[in-house]
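Novice: Assemble the whole structure, with the sequences as input and the hints as a guide.
As given, the protein sequences belong to chains P and E, one line each in that order. Residues in the first sequence are numbered consecutively from 0, following numbering that gives the first Met the number 0. Residues in the second sequence are numbered consecutively from 0, following numbering that gives the first Met the number 0.
Keep in mind that a hint or two might mislead.
Per label pair, the in silico range of CB-to-CB distance [claimed, not checked]:
#, chain 1, residue 1, chain 2, residue 2, range
1, P, 161, E, 29, 38 to 46 Å
2, P, 31, E, 55, 23 to 31 Å
3, E, 45, P, 536, 50 to 58 Å
4, E, 33, P, 220, 42 to 50 Å
5, P, 565, E, 55, 40 to 48 Å
6, E, 33, P, 219, 55 to 63 Å
7, E, 29, P, 230, 49 to 57 Å
8, E, 47, P, 509, 37 to 45 Å
9, P, 226, E, 32, 56 to 64 Å
10, E, 32, P, 232, 32 to 40 Å
11, P, 21, E, 47, 55 to 63 Å
Since the hints were made in silico from the structure, they are not lab data. Beta carbons are placed, not taken as given, at the ideal position from N, Cα and C, and that holds for glycine.
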Amino acid sequence: MEIEIQLTHEPIAEKISPPLPLGAHGAWLEFRGVVRGEEDGQTIRALEYQAYPEMAGREIRRLLQEISARHPCLAAKVIHRIGVIPVGETAIYVGVVSPHRGEAIALLAEFMDRLKQDVPIWKRRAIADGADSARRVTPCAPIEVRLPTSGGQGTARPTLKSLDEARAEICTHCRPLPAVRAPLAEAFGRVLRETVCAPEDLPSVDRATRDGYAICADDVSKTFSVVDTIHAADWKPRQLKPGETVRVATGAALPCSGLRVVMQEHVERDGDKLHVVRRENSTNVRLRGEEVRQGQPLVPAGTKLNAGALAILAMVGNVNPLVSPRLRILHLTTGDEIVPPDQTPKPGQIRDSNSILIRGLVQHFPCELLHAHLPEDFEKAKQSVSAFRLQPSAFDLLLVSGGASVGEKDFTRSFLEWLGFDIVFSQINLRPGRPLIFGVNGGAPVPRSSAATEGGSVPASRLVSSLAPPNKVRVAFGLPGNPLSHFVCFHFAVATALACLTGGEPPEFLRGQLAEKLDDKPCPRETLWPARLEWNDATPRLRPLAWTSSGDITCLTAANALVRVPANTSLLEQFAEVDFLPVTAMLGGGW
Amino acid sequence: MRILFFAQLKDVTGCDGIELAATAPLNCDRLWAELVKRFPALNAHRPNVRLARNWEYASPDAIFAGDDEVALIPPVSGG
Chain P
0 MEIEIQLTHE
10 PIAEKISPPL
20 PLGAHGAWLE
30 FRGVVRGEED
40 GQTIRALEYQ
50 AYPEMAGREI
60 RRLLQEISAR
70 HPCLAAKVIH
80 RIGVIPVGET
90 AIYVGVVSPH
100 RGEAIALLAE
110 FMDRLKQDVP
120 IWKRRAIADG
130 ADSARRVTPC
140 APIEVRLPTS
150 GGQGTARPTL
160 KSLDEARAEI
170 CTHCRPLPAV
180 RAPLAEAFGR
190 VLRETVCAPE
200 DLPSVDRATR
210 DGYAICADDV
220 SKTFSVVDTI
230 HAADWKPRQL
240 KPGETVRVAT
250 GAALPCSGLR
260 VVMQEHVERD
270 GDKLHVVRRE
280 NSTNVRLRGE
290 EVRQGQPLVP
300 AGTKLNAGAL
310 AILAMVGNVN
320 PLVSPRLRIL
330 HLTTGDEIVP
340 PDQTPKPGQI
350 RDSNSILIRG
360 LVQHFPCELL
370 HAHLPEDFEK
380 AKQSVSAFRL
390 QPSAFDLLLV
400 SGGASVGEKD
410 FTRSFLEWLG
420 FDIVFSQINL
430 RPGRPLIFGV
440 NGGAPVPRSS
450 AATEGGSVPA
460 SRLVSSLAPP
470 NKVRVAFGLP
480 GNPLSHFVCF
490 HFAVATALAC
500 LTGGEPPEFL
510 RGQLAEKLDD
520 KPCPRETLWP
530 ARLEWNDATP
540 RLRPLAWTSS
550 GDITCLTAAN
560 ALVRVPANTS
570 LLEQFAEVDF
580 LPVTAMLGGG
590 W
Chain E
0 MRILFFAQLK
10 DVTGCDGIEL
20 AATAPLNCDR
30 LWAELVKRFP
40 ALNAHRPNVR
50 LARNWEYASP
60 DAIFAGDDEV
70 ALIPPVSGG
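Specialist: Rendered as structure tokens:
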């Protein structure tokens, strides 16, 4: 049976095409579950639904497969809306195609019964009529809910996601990929997934910090007999007696504990005899465990491994650390007006700067990137994907760069839905970058072939295999086509997703001061304004850079931060406190 | 392992989920013991809560370990 499942925050369309072309089959049964105006005897305005999307999609599929074994049907389409659903609107749509009506009716009836028992979706609360207070279906803490505002014809219009809401959605949907063991030489930039502790004390024995002579710390003798010589690499344990000394080199392992080292400049030696001329307060010894005690955490889980962290792992012999896998990213560009950078654009065309921009940005995350260009015609694009025989199950993340020649949002959104993604949001309250689309795979994440040591690149056999439509990439972004929007959306949204997928810390806004005033016409959206981050004493200072449109990237050579300008702000004075995303710190894992 | 809470269990625990660093694999009883230790109020919900492991309902003899994603599923009410 062909099965299509969507969980969506958006209203379910009035008309939905059948899951199979009609003509050959006798029955197309449609069912809509609609929110009633009454819940537990009270009049309500809306119900709020929540879901565990990864499992809900999988459970719906399992139920359909199980039930269709008893009631054979040809295809089923299930759409469940989540979030706040006003009274009278569809909460669930089920469409079934079967040879005859009996199977479809039986399957639908049983499916709806089982859905209400097993699929992890909840009516979270009812919103009472005529009152702002929300009444709970089940006990829950009050949370602020905004009902979709009514449009001109009484239809619900999706609200723009705020930056904070969008970021929370990304963090919710992007779960850490299974960790792998990788050799140190391939671990740079990956996220450590288990805390590495010291396997032993460091240093592991007492060591000399000077060239000189080791004696018992409390030995007050003036004259000693030299009983041995210890070089830096030697290990010669022995218990020193009063009046005995051993010659030691800097870094040498001392023969026992409780010693001090008299510098060679402070003694006179005569054959095997030694006279101590002067004693310092310093013992000139690095004590065992002085730097690190056995079991002490050295590098915590979640650390993005830089050169220094890798050196620590090498020091303690952790040569195959458990780390995030190398990400597999598929980047598709669209747009008929785009020509490769080495070609001369005709009037109406532009060179493709987004491909190299994305290639550069993702380099901060160990990954394999595959890029392909699609014609900005939906049918042709679908054919191209089939012609590439790309199997996105081989990828963790799909990025689609929208073209601008036709409605990029509609194209990218339809394309992602055709690929099997559930659209979590399709607009955010951001300038530049409002038409940012975020989609997740409704099914369960695909397990990697093995969690064992990785090889190197993705085997070609995993990239090319027949599948139509492919639907197993975990998360996808549709990036608005203008390059400055790309830059901003990457740092705000894609970098957050990459951090979550690798198990690292998503980038956080920091506080800083404006180095110059920022004078702008008020915009109803929040703006992430390209800026140059500089230091003034201990304070990050941000110099706003000039940009004229979402296609203007001339400021990007200097831009190393994005200043968050609140909505409807016309003027931020010099030295105003602002939030900013530090681009380089975020990507490099440190200043 | 990652433990997720849904619906009213979010209110009971005050969070969407926790990371549980288990030193050894846990059976259902041991897992519940760990959870109730952190969130005593969860215990009252146990008779009505099903456990899911990696996006499937777990059998009573399931073992939870390592990178498992575990969800506490209270009675559902979709549709």
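Novice: Run every hint past the structure and note whether it holds.
Specialist: Taking the hints in turn, this is what the structure says about them:
At about 41 Å, the beta-carbon gap between residue 161/P and residue 29/E stays in the expected band of 38 to 46 Å. Residue 31/P and residue 55/E have their C-beta atoms about 28 Å apart, which keeps the hinted 23 to 31 Å range intact. Distance hint check: the CB atoms of residue 45/E and residue 536/P are about 56 Å apart, consistent with the given range 50 to 58 Å. Distance hint check for residue 33/E and residue 220/P: the Cβ-Cβ separation is about 60 Å, which falls outside the suggested range of 42 to 50 Å.
Checked against the given bound of 40 to 48 Å, the beta carbons of residue 565/P and residue 55/E, roughly 44 Å apart, stay inside it. For residue 33/E paired with residue 219/P, a C-beta distance near 58 Å keeps the hint of 55 to 63 Å intact. Distance hint check for residue 29/E and residue 230/P: the Cβ-Cβ separation is about 53 Å, which falls inside the suggested range of 49 to 57 Å. A hinted range of 37 to 45 Å for the beta carbons of residue 47/E and residue 509/P is consistent with their spacing of about 44 Å.
Checked against the hint of 56 to 64 Å, the C-beta distance between residue 226/P and residue 32/E comes to roughly 59 Å, which is consistent with it. The hinted window of 32 to 40 Å between residue 32/E and residue 232/P is violated, with their beta carbons roughly 51 Å apart. The hint said 55 to 63 Å for the Cβ distance between residue 21/P and residue 47/E, and at roughly 43 Å that hint is violated.
Violated hints for the displayed structure, listed by number in ascending order: 4, 10 and 11.
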